[in-house]
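Count along the sequence shown starting at 1, add 854, and that's the number in the working numbering.
If you're looking for bench data, these hints aren't it; they were derived computationally from the structure.
There is no bait here: all hints are sound.
Distance windows between CB atoms, simulated:
no., residue 1, residue 2, range
1, ARG884, PHE1061, 52 to 58 Å
2, THR896, LEU956, 41 to 47 Å
3, LEU935, THR1008, 44 to 50 Å
4, MET996, SER1100, 30 to 36 Å
5, LEU956, GLU926, 39 to 45 Å
6, ASN946, LEU1013, 23 to 29 Å
7, PRO982, SER886, 57 to 63 Å
8, VAL1004, SER1054, 42 to 48 Å
9, LEU1049, SER986, 24 to 30 Å
10, TRP910, THR971, 41 to 47 Å
11, PHE1061, VAL930, 53 to 59 Å
12, GLN923, LEU1002, 32 to 38 Å
Every residue, glycine too, gets a C-beta built ideally from N, C-alpha and C.
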Amino acid sequence: MAQMTTTPPITDVPASPSGPARVNKPRRGRRSIAASIGLHATMIVASLIAIGPIAWVLLSSFKPGYAVQSSELTLVKDPTLANYEYVLFDTNFPTWFLNSVLVAAFTMLFGIFFSATTGYALSRFNFPGRRSLMMVFLVTQMFPVAILIVPIYTIMANLGLIDTLPSLVIAYLTIAVPFCAWMLKGYFDSIPNSLDEAASLDGCGPFRTFWTVILPLARPAIAVTGFYTFLTAWGEVAYASAFIQSDEKFTLAYGMRQFVPQFNPQWEYLTAAAILVTIPAGIVFLFAQKHLVSGLTSGGTKG
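Using the sequences and the hints given, assemble the complete structure.
Below you can see the structure in the form of structure tokens.
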């Protein structure tokens, strides 16, 4: 009979002393507990600083006048809705609100149209004066609003548009369109030219290519443009105070100044009106928020 041999089990052989030792290195990007606590504490403090004034205005809108002007710090004292009732039913706030909605809506629509078409032309076509036009858009951002009021007022007076809502729309477009056109130009640069060429091979002209192919891809940038133009018209007061003279044409930002006269400020009514003013802007932000980050970053990294 053949003798059977058994193979001894293989055991782990320790690494030779001369071999490389395995070192447990900490993962990159991991923070220590102290760093995490410090970071979260900083974020909490920054959030409180940002939200604190808004929360204080909200709480003050429910206080009576004597509680708002009191030196005693209280969160809510004798809460009441009388401030909102006075603003909505005893003032021209609804008229101011309608005027602001009309001005902001038309500014947003015309701003999107002019900015998108201008940005696409600067991105795709090489025409005489292109670089000069881009430089003009940059230069206009250097001038503060106060400097431009006088020349724009002169133009509006010559056109007979003083004390009219269209004068505000035109003035706000001069602020919003240069910035938004430059931003959209950068976003259109990030869209491949091959899409335009493919649409051209299918028989699309420049206008149809823009409306049916390029514009749907630029929805994030369009959302940013709409949000920016809306806010430009919604909260602006310098042009409104210069161009509008009658109470029935006031916008919200300018009409709210009547709550804080020189000798008898009515802070309780101003805070209530301020809360009501933020609601439409918040609604527009909710619709545009998912596109804001991508639209801003894409437009800011291309030139």
